[in-house]
Structure formats: structure tokens, C-alpha cells
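Colleague: If you want the building blocks of each chain, they are given just below.
Protein chains: 2
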Amino acid sequence: MNIGEAAKISGVTPKLIRHYESIGIIPKATRSVSGYRTYSAADVHILSFVKRSRTLGFSMKEIKKLVSLWRNKSRASLDVKNMALAHIDDMEKKIADLQEMVKTLKHLSKNCHGDNRPDCPILNDLAQPL
Amino acid sequence: MNIGEAAKISGVTPKLIRHYESIGIIPKATRSVSGYRTYSAADVHILSFVKRSRTLGFSMKEIKKLVSLWRNKSRASLDVKNMALAHIDDMEKKIADLQEMVKTLKHLSKNCHGDNRPDCPILNDLAQPL
DNA sequence: TATTGACCTTCCCATGATGGTAAGGAGTAA
DNA sequence: TTACTCCTTACCATCATGGGAAGGTCAATA
Numbered sequence: 001m002n003i004g005e006a007a008k009i010s011g012v013t014p015k016l017i018r019h020y021e022s023i024g025i026i027p028k029a030t031r032s033v034s035g036y037r038t039y040s041a042a043d044v045h046i047l048s049f050v051k052r053s054r055t056l057g058f059s060m061k062e063i064k065k066l067v068s069l070w071r072n073k074s075r076a077s078l079d080v081k082n083m084a085l086a087h088i089d090d091m092e093k094k095i096a097d098l099q100e101m102v103k104t105l106k107h108l109s110k111n112c113h114g115d116n117r118p119d120c121p122i123l124n125d126l127a128q129p130l
Numbered sequence: 001m002n003i004g005e006a007a008k009i010s011g012v013t014p015k016l017i018r019h020y021e022s023i024g025i026i027p028k029a030t031r032s033v034s035g036y037r038t039y040s041a042a043d044v045h046i047l048s049f050v051k052r053s054r055t056l057g058f059s060m061k062e063i064k065k066l067v068s069l070w071r072n073k074s075r076a077s078l079d080v081k082n083m084a085l086a087h088i089d090d091m092e093k094k095i096a097d098l099q100e101m102v103k104t105l106k107h108l109s110k111n112c113h114g115d116n117r118p119d120c121p122i123l124n125d126l127a128q129p130l
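From first to last, the protein sequence lines are chains A and B. So that you can map any letter, position 77 of the first sequence is 77 in the working numbering, and since no number is skipped, the others follow by simple counting. So that you can map any letter, position 55 of the second sequence is 55 in the working numbering, and since no number is skipped, the others follow by simple counting.
Wrong hints could be hidden among the right ones.
What the hints assert, rightly or not - Now the stretches of chain B that chain A is said to cover, found in silico as 3 or more residues with beta-carbon under 8 Å:
(1) 15-21
(2) 32-39
As the list claims (entries may be wrong) - Calculated lysine to aspartate or glutamate pairs in the EDC-like style (CA-CA distance at most 20 Å, straight line):
(3) A:65 <-> B:125
(4) A:94 <-> B:43
(5) B:8 <-> B:62
(6) B:103 <-> B:92
(7) B:106 <-> A:90
(8) B:65 <-> A:125
(9) A:103 <-> B:97
(10) B:73 <-> B:92
(11) A:110 <-> A:90
(12) B:93 <-> A:92
(13) A:73 <-> B:119
As the list claims (entries may be wrong) - Among the chain B residues that face chain A by a calculated CB cut under 7 Å, a handful are:
(14) 3
(15) 75
(16) 77
(17) 89
(18) 96
(19) 111
Hint data in this document are derived by calculation from the structure and do not stem from the laboratory. Keep in mind that this is a model prediction, so the values were computed, not measured. Don't be surprised by glycine CBs; every beta carbon is placed ideally from N, CA and C.
Whenever a hint applies, use it, and build me the whole structure from the sequences.
Modeller: Given below as C-alpha cells:
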């Protein structure tokens, strides 16, 4: 099948499929006589794997490793688990950061009249040297 | 003062100060005879404002608006509050997304032996067409 | 057969916020 | 004068993705 159909099935746009190929996430596609990329069901499976990994927030660098682990039948599940745990850690840090910001902003917003008057605790906070 | 000192006081690197100037977040700095940027306490105050706004997760686009509201003495606090509330919404969406990913990955990790064996529920999930 | 329209190709540029580096000028102190 | 630190601009990199241009291919239809 051509890149368009592979894109529809995998949920990865043609644009991104080419990009993934260029940075070595996926193997180089075979080509038709006229130069079109051609994909097998196995190729589409890799693309779906990448898509799902992105959905779970893994970076392309991590996904590159995940794909190679997936294709290596003698992998140790420990390696995969460690990647997952590290990624969970990263995300939990991000969540904590965001929650802190939300907390602060909610507090400031609560004290802001939110009317025509210029006085505003939010701006006062921002203008305060940290 | 020169850009280096303004950077130390405000916590914004010289690199970023120049960048902020170039994209119009802060007014163009006055220059010394030899071309060095010079900053007043008021200029540094703007930089601190930007820094604090970044700390609260606002985008540069939003900060541009916040700065202009801050400097507009006849602003309506409603405008500021609405920006804050919209930003809170954005962040809460991001938090929810991250929490969903964490939840899924934690579940998968719990079921992964994490040893020398290749069998791995995490990879099985990733390989599953969504 | 000629044309059309949908698909494919490569190449370059843009995003957003930040960092790095290189090449060169300015300021100051020994 | 040398040496060192600071400043200047300009370009490139990151990360994942999207947009668009210019041109080739394929299949169906007029």
C-alpha cells in the first residue's frame, strides 16, 4: 500500500511518516518503480506502535528505544519497565509543576474583582519581585 | 546598568533579554555610545514581571498582553482575570492528559515482571492497535 | 487520447522558548 | 600592552509537527 493508506490505518500523517523515516524511527520504506513508498501490514504495525507510544507521552528518542526493544525478541522486560517508570516520574514532576501554577493562579484569581476597575491582585503578584 | 547586571537582578539570561526585545515583549533598550544596551530599574522590573509570568506558565504571547495590561493604568481587571482563568483551564487540561498517561503506564508497569524475561505487558499494549 | 484530480515526491520554512557558539568590538585592571 | 571579562550580531540546534511550493505519477473520465 502507499503512504496515504498506511497513514489512514496507523493514524500517523504521511508527513510524519516521512519524518519518522528520515530520523530513523522506522526503517526506510521500500519503493515502487516510480519511487512511491510502499508499506506492508508489518510496517503499519510499527507505525501504530509509534502512534500509541506518542499517545502515552514518550519522546521520539524514547520511542526509538522502545521500538528496538519491541523488535528484539531477547530483550529484558526490565529495560522496558525502567523506561516506563522513568517516564512516569517525568510526567509526575510536570503534573506537580502545573498543579503548583494552577494553585497560585486560582488563589490570585479568587481575589481579583474581575470588573472594570484596574486594581488587580494578579498583576500585583506578577509585578512583585519573586 | 548593562545587560549582564539586569540579567542577574531579574533572573532572565542576557540571551533571553535580547530575544524578548527582538520579539517585542519588552521595549527596545536604550544604547550607550558604544552600542551596549543600558537598563534602568524600571526596565529590570519589566523583566522580573516577565520572569514571574513565565514561572506561572504563561506563554510569551500571553505575557505580551499581560505586560501591556500592566502598563495600562485604565485596564479592566476583568481582562486580566479572564486570561488567568483561560490559562488555568489550559493547564488543567494538560494535567488531566498527563494523569491519564500516568494511570495507564502505572497499570501496565505493575503487570510487568521487570526481569530478564522478554515478555512485557507494556510492549504488548504499545503494539496493540489503538 | 487528452485532461483532470488525487496522490506522491523532495525541499524549505515556521512554530515556541531556550541554549550554544562563533567572530568581533568595548571596557577595565595589572 | 596584555589579558580578561563583557558586550554585540548572526547563525544553528532543540522537539514534534504543520504548511506550502514545485513537480512527477496514476487512474478515471470526457
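Colleague: Looking at the structure, which of the earlier hints fail to hold?
Modeller: 1, 2, 4, 5, 10, 11, 14, 17, 18, 19
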